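K.L.:
One letter stands for each residue in the lines below.
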Amino acid sequence: MTARLPIPLRLFLALLICWLMAPLIPLAVWSGSRSWYFPDILPSAYSGRAWSYVFSSVSGVPEGLWQSAFIALSATLLSLLIGLPAGRALGLYKFKGKALFELLILAPLIVPGIAAALGLHMVFLKLGLTGTMAGVVIVHLIPALPYMTLVMASVFAGYNPAAEQQARSLGAGSFQVFRYVTLPAILPGLLTGALFTFLVSWSQYILTLLIGGGRIVTLPLLLFNFASAGRNDITGAISMIYILPGAVLLLIAGRYLTGRNSAADSLRQI
Amino acid sequence: MTERLKILLLLAPALLVIGGLFGGGLLLGLIESFGYMPLLGQTELNLEAYRAIFASQSFWSGLGLSLYISTVSTVIAGGLAIAAALVLRRAFKGRGIIRFLFQINLTVPHLVGAAGILYLFSQSGLFARLAHALGLIGGPSDFPALVFDPLAIGIILQYVWKEVPFIALILLANMQAIGRDYESVARCLGAGPVQVFRHVLLPLILPALFAGSMIIFAFTFGAYEIPALLGETYPAPLPVLAYRAFTDVDLARRPEALAMAMIIAGLATLILAGYAKLFYQRGGING
Amino acid sequence: MSVNLEISGISYRYADQNAPAVERLSLSLEAGQLTSLLGPSGCGKSTVLKMIAGLLKPGEGDIRMDGQSVLALPPEKRRTVLMFQEALLFPYMTVAENIGFGLKMQGMPRSERETRVAEMMSLVQLDDLGARKPAALSGGQQQRAALARALVAAPRLLLLDEPFSNLDATLRIEMRSLLQELQQKTEITTLFVTHDQEEAVTLSDTIALMLRGHLIQEGPPDAFYMRPESREVARFFGSLNFIGGRVEAGHFLSALGRFRLPEVYPDGNGELTFRPENVCLQDMPGDPNSFTARLLSKEFMGSQTRLHLVAADCEFHAFTSPETARDLTEGAAIPIFLPPRTLRVLS
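Chains as they are written, first to last, in the working numbering: chain A, 1 to 270; chain B, 1 to 287; chain C, 1 to 347.
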């Protein structure tokens, strides 16, 4: 029977939810404020100044937005191409050394990326990859690919490959089997995985900073710079843009999140 | 095509990319931490970098600070997450919307949270203004330093903010999988609500709690941008020290950066080993 | 030690369902008896158990043990132990720790606890397995450990929710006799939930049949065969034959004839039921309870053969030995006798 929660528990939940929302509030207010000095609780003047600055090319935000999106899309696509077959192998088959392989996939999700990226820097420098979009996309694969692989493994773990054999026996070729049998079955999981992988890349800071070498300036780098320069209004505006894909994703895939261990599992990357 | 070959072909691209980028990166980093820098004509391996950092005061205070931040953040986030999961698993009116709100910040990038914490807790932040409005403080400098502070409170607040929903959702999924029957049995056998939690539910969710906590500990131990934005300049946690040494104008300090990175990776590997033990080698679920 | 249990008019409705799972159900259990609560899955019988144990709170009605209402007591104070379909041994404890759990919760000192646990373990034949983890036990051993865990703290009431249905047939029979033995030894009032009528019949002193949230009939096992109170009960217990007609002056009038009845029923419309195993393929000339039927088909079922018969447009079934059935051909006319004491009229 659904009942109301006892008062103390309701209070606890309310406080918790407020605490989880709280940091977003000053950011939103700052983005629309003109002057907001201590000790004012609310800004003394509002304006769209920060927003028009953010959308002008001098701010570097449109460029950063496009670079962030391009890098995240590319990393997601590459992760999908490489991670889908690997996820299939992990989800559908039992084989010798599987545990070891799973551990290798898991490792980049636990061992901080800064360690591997610092080591790669020298080789990337030699290959001319530092300071390029390609270099940043490649280094983003370190957290993105394992994540996509694990999501696909859990998708395939709940997939019955007998349908493929059935289609085969009905005369479908291997591409047709993928197109008409496999793909429709895994599509929801695949899309969720892709959305989350996009966010994993979208949220990277240190990998972009190290390999991009200051020449590739994505949104988080801009955010960091404006925040440490004390430009609160612009930081607020960039933050609002920066959280948008996550909010969209939550609306689309929110219901997959609760109770889904694997999806929530690697969100710490974000 | 044999099944083994097929599996190998499916895995090969991922194996190459992850092994190459991640494994290769760590290996190169290890070699570089031993002083191998062909760009500077340095090709002999030595332990100079490790000797240098072990002799430096800032490394030890940085390591201590990193361990402190990770431990405190993980413990607080874990405790709050248990409490949140216990409440959220109950059936109550409006649970759907509460659960939705609860997971919103999962997709909010860390840096956004950090900026928000800054504007909430700095000495001229929203809370300081509220304190002023309530007459508790006279000016910004009367408000306690909660960011850029020696106790790293701002950093910890940010991590706790971000990780409570993360652990809580893992625990919630775990509790749903376990169901309520074990607890019902214990109730019938004479255990009160507190005893049921202590003797039944807690041991049952302990593996999941450990797993989630380990992930968070490792992440916070290796994260750069949050302490870089919210922390004091000195002492700074290990990842910040490593980044500074790496970008130092003195190229000779790069092996030190790599040495610190390897120490971060080494600790994370220990955690990974613990994680693996938890999931691959348990005979039954022994808490 | 044993108590009587009195349930009066309890109801329960789950939040996500429109119809109540249990509706104004009353039932009483005599002290020391083993009662089966029988019914198909989804009829609400597990909900009844959970209400007795205190895990669910009834929307109305009362539950009394030895005359005292227990509704206000939380589950841990009721001393009613519930055993589930799964053994639900705590996986992180040893078998001995599992069995001693209830005693530990009561605050019994370790040494005393260990003695009691050891006694209980030998009673359920788990003597040497105390140090193992539950995962190292077979399914039957796990259920024995769960039974020991339930009994060791001497509960006032033992509630079992299909505890053996996950076991294979031989193990199930073994567990039943162990349960019977322990129940008789300890004289704990026991309520046993099952969907298996054979299990209910062999195990219990009394059966309570539940359908769709309601108690339909209560009584000794044989009553459900001899004296079903409704078509539903008769059907549930395997009576296949129902003939429409009416009662008139101690006889049942139908298309098949005018049958003598074993007892007096009030006049009026009714339905005659008789079990297929009670149909005699026998010529009784002059007896009103005999007639001739035509064989439609026969079905070999192993130890017996089921005959599908028709007479005066009334179809019915009879069991006979495969030996007898072999000589019968489809379409053949077969003499039928329905012994009066096997007939029952349902209104």
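Hints in this document: simulated from the structure, not taken from any laboratory. Bear in mind the structure is a predicted one, so any value in this text is a computation, not a measurement. Mixed in with the good hints, there may be bad ones.
Listed below are the simulated PhoX-like cross-link pairs for lysine-lysine, each with C-alpha atoms no more than 20 Å apart in a straight line [to be verified]: (1) Lys94(A) with Lys6(B); (2) Lys104(C) with Lys133(C); (3) Lys57(C) with Lys93(B); (4) Lys77(C) with Lys104(C); (5) Lys96(A) with Lys93(B); (6) Lys133(C) with Lys277(B); (7) Lys98(A) with Lys277(B); (8) Lys93(B) with Lys98(A); (9) Lys77(C) with Lys57(C); (10) Lys96(A) with Lys6(B).
Beta-carbon label-pair distances, calculated as ranges [unchecked claim]: (11) Tyr14(C) with Arg49(A): 54 to 60 Å; (12) Leu73(A) with Asp149(B): 36 to 42 Å; (13) Phe100(B) with Leu73(A): 24 to 30 Å; (14) Asp142(B) with Leu251(A): 54 to 60 Å; (15) Ala12(B) with Ser47(A): 29 to 35 Å; (16) Val75(B) with Tyr37(A): 52 to 58 Å; (17) Val75(B) with Arg215(A): 38 to 44 Å; (18) Gln176(A) with Gly20(B): 32 to 38 Å; (19) Gly192(B) with Leu73(A): 53 to 59 Å; (20) Ala154(C) with Cys18(A): 47 to 53 Å.
Beta carbons: idealized from backbone N, C-alpha and C, even for Gly.
K.L.:
Each hint needs a verdict: does it hold in this structure or not?
P.N.:
Going through the hints against the structure:
For a cut-off of 20 Å, the pair hint linking Lys94(A) to Lys6(B) stands: about 12 Å separates their Cα positions. A C-alpha spacing of about 18 Å is found between Lys104(C) and Lys133(C), which places the hinted pair at or below 20 Å, so the restraint holds. Between Lys57(C) and Lys93(B), the direct Cα distance comes to roughly 18 Å. Compliance with the 20 Å bound is thereby established for this hinted pair. For the proposed pair Lys77(C) and Lys104(C), the alpha carbon gap of about 14 Å is at most 20 Å, so the pair holds.
Between the alpha carbons of Lys96(A) and Lys93(B) the distance comes to roughly 49 Å, so the proposed pair goes past 20 Å and is violated. Restraint check for Lys133(C) and Lys277(B): satisfied, since their Cα atoms lie roughly 18 Å apart, inside the 20 Å limit. Distance check on the hinted pair: Lys98(A) and Lys277(B) sit about 15 Å apart at the alpha-carbon level, within 20 Å; holds. Restraint check for Lys93(B) and Lys98(A): the C-alpha separation of about 44 Å exceeds 20 Å, so the hint is violated.
This hinted pair checks out: Lys77(C) and Lys57(C) have alpha carbons roughly 14 Å apart, not beyond 20 Å. Note on Lys96(A) and Lys6(B): the hinted pairing holds, with a Cα-Cα distance of about 13 Å set against a maximum of 20 Å. Checking the proposed 54 to 60 Å range against Tyr14(C) and Arg49(A) shows it holds: the Cβ atoms sit about 56 Å from each other. Between Leu73(A) and Asp149(B) the Cβ separation comes to about 39 Å, which falls inside the hinted range of 36 to 42 Å.
A C-beta distance of roughly 27 Å is found between Phe100(B) and Leu73(A), which places it inside the suggested range of 24 to 30 Å. Checked against the hint of 54 to 60 Å, the C-beta distance between Asp142(B) and Leu251(A) comes to roughly 42 Å, which is inconsistent with it. A beta carbon spacing of about 56 Å between Ala12(B) and Ser47(A) contradicts the range 29 to 35 Å that was offered as a hint. At about 37 Å, the CB distance of Val75(B) to Tyr37(A) disagrees with the hint of 52 to 58 Å.
Checked against the given bound of 38 to 44 Å, the beta carbons of Val75(B) and Arg215(A), roughly 40 Å apart, stay inside it. The hint said 32 to 38 Å for the Cβ distance between Gln176(A) and Gly20(B), and at roughly 34 Å that hint holds. Separation of Gly192(B) from Leu73(A) is about 55 Å and conforms to the stated range, judged on CB atoms against 53 to 59 Å. For the hinted restraint 47 to 53 Å between Ala154(C) and Cys18(A), the CB-CB distance of approximately 50 Å keeps it satisfied.
Hints 5, 8, 14, 15, 16 from the list above are not met by this structure, while the remaining hints are.
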